[in-house]
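For the protein sequence lines, the chains are A and B, in the order given.
If you use my numbering, the first sequence corresponds to residues 4 to 189, in order.
If you use my numbering, the second sequence corresponds to residues 2 to 586, in order.
No wet-lab data here; the hints were simulated from the structure.
Bear in mind that the values here come from a model prediction, so they are computed numbers and not experimental data.
According to the in silico footprint, chain A covers these stretches of chain B (three or more CB under 8 Å from chain A):
#: 1; region: 138-145
#: 2; region: 199-213
#: 3; region: 328-334
So the derived list for chain B, only partly shown, Cβ under 10 Å to chain A, looks like this:
#: 4; residue: K149
#: 5; residue: H150
#: 6; residue: L153
#: 7; residue: Q155
#: 8; residue: E166
#: 9; residue: L170
#: 10; residue: R175
Derived DSS-like pairs: lysine-lysine, alpha-carbon spacing no greater than 25 Å straight-line:
#: 11; chain 1: A; residue 1: K95; chain 2: A; residue 2: K116
#: 12; chain 1: A; residue 1: K71; chain 2: B; residue 2: K89
#: 13; chain 1: B; residue 1: K89; chain 2: B; residue 2: K165
#: 14; chain 1: B; residue 1: K332; chain 2: A; residue 2: K6
#: 15; chain 1: B; residue 1: K66; chain 2: B; residue 2: K165
#: 16; chain 1: A; residue 1: K95; chain 2: A; residue 2: K144
#: 17; chain 1: B; residue 1: K165; chain 2: A; residue 2: K71
#: 18; chain 1: B; residue 1: K191; chain 2: B; residue 2: K66
#: 19; chain 1: B; residue 1: K165; chain 2: B; residue 2: K191
#: 20; chain 1: A; residue 1: K6; chain 2: A; residue 2: K71
#: 21; chain 1: A; residue 1: K99; chain 2: A; residue 2: K144
#: 22; chain 1: A; residue 1: K116; chain 2: A; residue 2: K99
#: 23; chain 1: B; residue 1: K332; chain 2: A; residue 2: K71
#: 24; chain 1: A; residue 1: K5; chain 2: B; residue 2: K332
By construction, the Cβ of each residue, glycine as well, lies at the ideal position given by its N, Cα and C atoms.
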Amino acid sequence: MKKRHTLVVLVEDHPGVLNRVVSLMRRRSFNIDSITVGHSEQPGVSRMTLVVVGRDDEVEQVGKQLYKLMEVLKVQDLTEANAVSHELAMVKVAAKAQHRAEILQVAQIFDAKVVDATPSSLLIEAVGSEDRIDNLLTMLKGFGIRELVRTGAVAMARGAQATAIKDGRAERETVIVANGSAGMAT
Amino acid sequence: MSVTEKLPSATASSAGASHGVERQLLSGAEITCRSLEAEGVTTVFGYPGGAVIPLYDALPRAGFKHVLVRFEQWAALAAEGYARATGKPGVCMATSGPGATNLVTGLADAMLDSVPMVAITGQVVQPLIGRDAFQEVDITGITLPVTKHNYLVQRVEDIAPTIKEAFYLATSGRPGPVLVDIPKTLFIQKALYSYPSTVGRRGYQPTSTPNMRQVRLAAESIARAERPLIMAGHGIMLSEATEEFRQFVEMTGIPVIFTLLGLGCFPESHPLALGMMGMHGHKHVNDALDECDLLLNVGARFDDRATGNVNGFAPKAKIVHVDIDPAELGKNIRTDVPVVGDAGEVLRQLLPEVEQRRYQAWTDWIEARRNIALEVALEHQPESPEPYTIVREIAAASNGEAIVTTDVGQHQMWTAQYFGFDHPDRWITSGGLGTMGFGLPSAIGAKIGRPDLEVWAVIGDGGFQMSMNELATCVQENLDINIAVINNGYLGMVRQWQDLFHEKNYSEVRIGGPNLEKLAEAYGITGITVRRTVEIRPAIERARSIRGPVLMDFVIEPEANVWPIVPPGASNTEMMHERRFADTE
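The shape of chain A in the complex, shown without the other chains:
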């Protein structure tokens, strides 16, 4: 069964790393829903959040193939249950005077902020899960969305444990095999 997986990928911050990751996904026919890249807490290490849709064994293959890239230090599949996955959206909504109050009300329901305003528009910034942003957009659609940008998800596991690289070394901690049989080889 295909489902959405959120992968955290820690990579060395070298030129061309993003290209290597994206090229790998393309040539292996893995579909990327979204990808975000930025700094991590460790100097020299960038953190990517990849959202991919696929069967468990397909996504496991994504992880294994990613590990074959020299710059990839760690890959972790965060399941929805124990991770926070958020994206940021900015929406420029047509806002005539008679709709303004209503739009602000919608924004308030979604904890969204108005970051810019003109006599005819509002620029609204929202942070939240993909579903939540989808819902906000559904609500705003009727007023007229003039421009929209979404970042794609960034994610982090809940709890005290961190997705990080110990001792500055990469961890290939698991070799899980597809089809559910057999186990971990540490």
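Please build the complex by placing chain B on the supplied structure of chain A, with the hints as guidance.
What follows is chain B alone, placed relative to chain A:
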């Protein structure tokens, strides 16, 4: 002119260079050469051009030989032949732009067959990079999917550490090609040279030692099996584990089947060796695959030409897969017991865990399914040379000890089926990529790497015409290579598929060619034409007695097919047999 700088001994020892306490100010070109020397490189295959003129300026003083080829693509494949024959990394070099793009096929070939290779390319001068300069291509971008890793070197100081790392990556873990692209500016600039002794690459830690829990699971599966099979792959030779493998097979008594690239990792003449599997494998081998209850894959990747339709592959078997690349486990075939590790190390750990056994009923069952009809048919020789006979005569003449290279296609399959490989690293063929033109340049590399061994290039007339320009290289290096062109005037394998699966619609497969004897004469070498079966043996003996390259033209029946064959998309058990070879059962 190099300036030598004495450094305090403490610094020198930490530099760890094998070149003593001196660190010298050298040009990037000299640093490149010194780095290759430090890697023990004795031969590079290459072709000069604008961006590498400064590098070639340093070559006459380098401590290795440069072999000038006639086309960069064949430099890459010569390097591959060298690597496969010697077990050492092959090295090729080319200029920027077209020189570099010509290497791409060779890199892809080495990538798919896990062959250690380092390619050095020149790049345009740094200020022009990204400006569509003369002979500029983004070769690191182009070769991203066909290299294990690649580099665009940015500073002259980085040349030596990058080459060090390139060799380490190419030869460790699952071997593969690594490309180092060096801008012309850096060949000219100078830096202090010292060759690093270690590589620090935190994102690269191949697992060679297996997890003991998985090894024991594998041993338990073996212990429970009644009809086990071992599928032996190229990885056994890449890990130099043929001795461990032989011990393991003889201990466990499990019969062995081979992938195309696994041929030679265990003697085919051994009673426990069954032969090649897959699309053109032997009938009894594919039958055994269908019936086995355990398949132990050591160092092979379940390529589609080996497995046939995966849904019908080894349907009754529990699958134990030993591979150094975790991504291969579960990629194509469901795996019950995955074991990540170097083939040799896994076999060493596994050996004490298994018991001595024999599977008489099982091996009898397999033997009974040998295609006797084919064996019998081979005893009756038609007048025009039978490809099987040519291959078997070459094997007999060289006592099975020759290095044999091929291109891809019918002649490749005939050779794989009937040479009878008893020694590792003697069978050099383009397996994964199926590169036409591979045979001659890889034979050049193999002969230069192993001058002590007899070398035969068995090639089709189509592939030969792709790389026959390398005859000039054979002559230039006076290489003792026997080139056997299996000449049917067709692109034979495509014609065979058109024959069997496209209603004999022979579209663009009739291919003419030059008179090979006259071609040989033009290159100043011996040409021999063989048109009749009785001429095969004397011709082979004559070729073997001549020092230097010999070009042999074996004119065979134009529409000879490779039998048996698994039709595309079918399971391995659905093999088609030629009527005269069909089993009588």
